[in-house]
Amino acid sequence: MIRLLLATTLLITSAMVLAGDDMTLKALSALEKQSEPLPLSLEFSQKKQLSGLPRPLVSTGQLDIRKDEIVWTTERPQQQQLTINRQGIFEQGSEDSVSGSDTIAQLLLAILQQDEAVLKQQFRLSLAQNCVVMVPEAEALASVIEKIHSCGTNSVELVELFEQNGNTTRIELSKR
Amino acid sequence: MRRGGGANRLVLLFAFIAVVIAGLLIQLSNTQWSSSLADALPNEVSELQRSYLKSQQPNAQQLLLGFESQQYSDTEILPIVQEQLNLLTEAEPTIKLAEMTNPKAVLSFYQNQAGRLATQNDMQALGNGDYATIIGNAQKTLQSPAPVLMPLEQDPLLLTQRFVQQLPDLMPGYKSHNGLYTRTSNSIHQVLVPLRIAGDALSVTQSGQSVLVINDFIAKVTEQLPGINVYRSGLLFHSDAAAKQAKLEMTWFGGLSLLLVLALLVWVFRSGQQLLYTLLLLGVSAATGLLVTLLLSSRPHVLMLVFATSFIGLCIDYVIHGFIARSHGVKAWSALKPALWLSGLTTIFGYILLLLLPLPLLQQLGIFMAVALFTAIVLVVVTLPWLPQPEASRPGWQRFCHSMAQLYRQMRQPGTTAWLSVMALATLGLLLWSFTANDNVRLLASSPESLLQQENHLRKTTDFYFQPDVLLVSGETQQQALERTGNLGDVDGSVSLYDYLLPVSEQQQLLQQQEKLFQSPEGKNYLQWLGIGQPEFASEPQEHPLQNQFLYPMEDGWMSVVRLKQPFNPGDINESPGKLEHFNPIEHASDALAEYRHSMQLWLIALLLVSLPILAMFLRNQQTNKLRIQAAWQVTCVMTLSVSTALLLAQLIQPLNLFHCIGAMFVLVLSIDYGVFCVGRLKREHALQAIYLSAFTTMVAFGALSFSSTPAIAAFGIIVLIGVFMSALFSPLIIESPDN
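Going line by line, the protein sequences match chains R and H.
Numbering of the first sequence is given in my numbering, commencing with residue -1 and proceeding in unit increments.
Numbering of the second sequence is given in my numbering, commencing with residue -1 and proceeding in unit increments.
Be aware that one or more of the hints could be misleading.
Per the computed footprint, the stretches of chain H lying under chain R, defined by three or more beta-carbons under 8 angstroms from a beta-carbon of chain R, are [as the list claims (entries may be wrong)]:
id	stretch
1	142 to 150
2	172 to 178
3	527 to 536
Only pairs whose alpha carbons sit at most 25 angstroms apart, straight line, appear in this in silico PhoX-like list of lysine-lysine [unchecked claim]:
id	chain 1	residue 1	chain 2	residue 2
4	H	138	H	563
5	H	563	H	52
6	R	145	H	173
7	H	563	R	145
8	H	52	H	458
9	H	563	H	458
10	R	118	H	173
11	H	173	H	245
12	R	145	R	31
13	R	145	R	24
14	H	577	H	173
15	H	94	H	173
16	R	118	R	24
17	R	45	R	145
18	R	118	R	65
19	R	45	H	138
20	H	102	R	145
21	R	45	H	173
22	R	118	H	102
23	H	173	H	458
24	H	94	H	218
Here are some chain R residues the structure puts well away from chain H; computed CB gaps all over 12 angstroms [unchecked claim]:
id	residue
25	27
26	31
27	75
28	113
29	118
30	124
31	128
32	149
33	153
34	155
35	174
Treat the hints as calculated values from the structure; they're not laboratory data.
By construction, the Cβ of each residue, glycine as well, lies at the ideal position given by its N, Cα and C atoms.
One chain only, chain R, in its complex shape (with noise of 0.2 angstroms):
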């Protein structure tokens, strides 16, 4: 009776394992899937629901993603040039990134450019209808963000963050 008890649990256990790792190869068959060769030049709308605030914030501007940064140019509510790479986030003309803004320029490097091997690195990916669900591992980025979505069928026509404190920012993307 022992045995076939163990025995049950153990194939439910290893059932679980490989629905878990079929769930992150749909997912990373999705992300592949909405990836786009480089340079890809963007529009892009971002409300920002922020607790505490009754409305959220919207700005809108354009997106040129290339291979090892992004330049993300704010036209409304205020002009603003933002450069993102590997080391951080930039304001225009200023040589010195954002302190501290490293994790989360790398981060959205990888969203956006689809990087297929941060993602999985740094999340744990599952599929949600048309939206790759990426969940962070490491503590520190855990502490901030909640999750993230990366909706699209084609391509990334939206990008979903969620941060453990209820903001959300919705991130719209349509070709230029």
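Go by the hints and put chain H onto chain R.
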């Protein structure tokens, strides 16, 4: 009647022993022992530095393990390390993960304190009324894709978010995974495991057990990840290696030398009576010395007991002389007694000279040695005749010493004094000319080469470590200490609590400035844009999660510690005693050792100078002044020659340090003994029997230490080995007394 008198004497002796033991027990229970070098130098350490040393010596220890590989990625290494670590911490509850930075706790602190903390630049802009810049910066942060970490109702200007972004990183370049840290650099994947051991670091057994389980944990990880490189860092590994080495040395050197000494004593005396007597004498005399030291010193130092090892050698020396003289009859015993008193009292006088030195540890040593030696001599003189006359020493030994006495008689010439003087002065001159000392405390201990390489690798690659230098800032309150730390300004490569937290006074000022901004038209427009009302600032300041790494209580107030990543540059600060001090504990310990070495050197010279007139006054007091001075001079020459040769040869192996001087102290007092016994009315053959036996046992027992791999112990051993050999070699050259 005689039997009754004997019983009375025994009762008196036992009463004395009982009083000493009772007194010692009472005194020991009320005694607070000092153990750090800082305690040994009260005038040299400021209150601030003492508080720092106290705060840095917890019994808990931190250590770091590093796993590195090019072959395995950190995602492969991490789960295996985590799994084995869980098993380790379950099996050994004293070992825990040392969370060096807890990102959740730190972030939560800043979210609670949002609005109360801002960078110096932002505070300056606020103070200058440059509201447009402050608001513009906040709007830019809000429209960037980066997450907003602070609650906007408390910190609409995101001042604290900007403050958090410029915090110094205690783990630069590493990612935290529930207390473990990973980094990939030059395609080398590294997983770091910082551990904390809650057990007593001073317990050899506990350290050994902890190292055993940690090594077992490492073995299990490497079993699953063959070829992975492992690096260890932490005092625990070094102290465990030293303890194992010391145990090995004690077992082999100590065990073998003890066996040899016992075998020799039993062979020479053909009885175990001397051993029992020596043990009793040692116990009672040491207890008396300790009791008086405890009564006269408010806080005796444990190092005093280490310095007092020479007492054992002197005690054995007196017993051997006593037993050999007694075995040769009443006449020999009577001839020995004046020499015993003279050598003993000269040595005691030498130790009393230590009281003149301004170092409490050496003063305590002076009291202990003077009292213990006086007790030992009195007991030897009084109690030895109570024992039945001992059997004469083995004929073979007597024949050997007789032949040696004859040989020296043949060697002795009218010019002996002259060339003994030349040799002594030439060696002393050579020693002074080539004198090389190094008191660096790091040179006194040794660690296995592989362990040092592992430690150095982690120091070089991780950037976790601070310099031993610190800046100490005092304050009557925590806030004042923090304010004064802030007043230091920018010191290159420094990290202090002020980098993570502003004093309450600056927080209040910041809140007032923000209120002013939100009353202004720009501020009102901004709040309207956000759609919120006046901000609600956190009312109470909180304790920072890193506070206990930078702020410590003192007897009267608080101390803030500024840690340095780069070597200290004296031009960075203006020191102000009691308020702001630079401190390097390693330099401090080395300075303390240098101070002690200088004092010991002075003492050695003083004893040499003082012993000459004392010996000239009391030696051969029935002879002419010329002969008395000649005898005293010869003894002084032998003392000088023995100590100088030992120091001269020892410095060829390693630069001289305090431990060489402790050895020299031992050699000098034994040389006085040997010289005085040779000069006295004792038959030279009898004197040599005792001197050779004493020298041989001392050389075997203490000289064996010269093979120790711990430089400090080896330094002591080599001096005793060479010095006692020289003393035993040259003292028989002293001209015999015409009386014997």
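Quick rundown of the hints versus the structure:
no.	hint	result
1	142 to 150	holds (count 8)
2	172 to 178	holds (count 4)
3	527 to 536	holds (count 3)
4	H:138 with H:563	violated (34 angstroms)
5	H:563 with H:52	holds (22 angstroms)
6	R:145 with H:173	holds (18 angstroms)
7	H:563 with R:145	violated (36 angstroms)
8	H:52 with H:458	violated (28 angstroms)
9	H:563 with H:458	holds (12 angstroms)
10	R:118 with H:173	holds (16 angstroms)
11	H:173 with H:245	violated (41 angstroms)
12	R:145 with R:31	holds (20 angstroms)
13	R:145 with R:24	holds (18 angstroms)
14	H:577 with H:173	violated (38 angstroms)
15	H:94 with H:173	holds (19 angstroms)
16	R:118 with R:24	holds (12 angstroms)
17	R:45 with R:145	holds (17 angstroms)
18	R:118 with R:65	holds (19 angstroms)
19	R:45 with H:138	holds (14 angstroms)
20	H:102 with R:145	holds (16 angstroms)
21	R:45 with H:173	violated (29 angstroms)
22	R:118 with H:102	holds (23 angstroms)
23	H:173 with H:458	holds (18 angstroms)
24	H:94 with H:218	holds (18 angstroms)
25	27	holds (20 angstroms)
26	31	holds (23 angstroms)
27	75	violated (7 angstroms)
28	113	holds (15 angstroms)
29	118	violated (9 angstroms)
30	124	holds (17 angstroms)
31	128	holds (21 angstroms)
32	149	holds (16 angstroms)
33	153	holds (18 angstroms)
34	155	holds (16 angstroms)
35	174	holds (18 angstroms)
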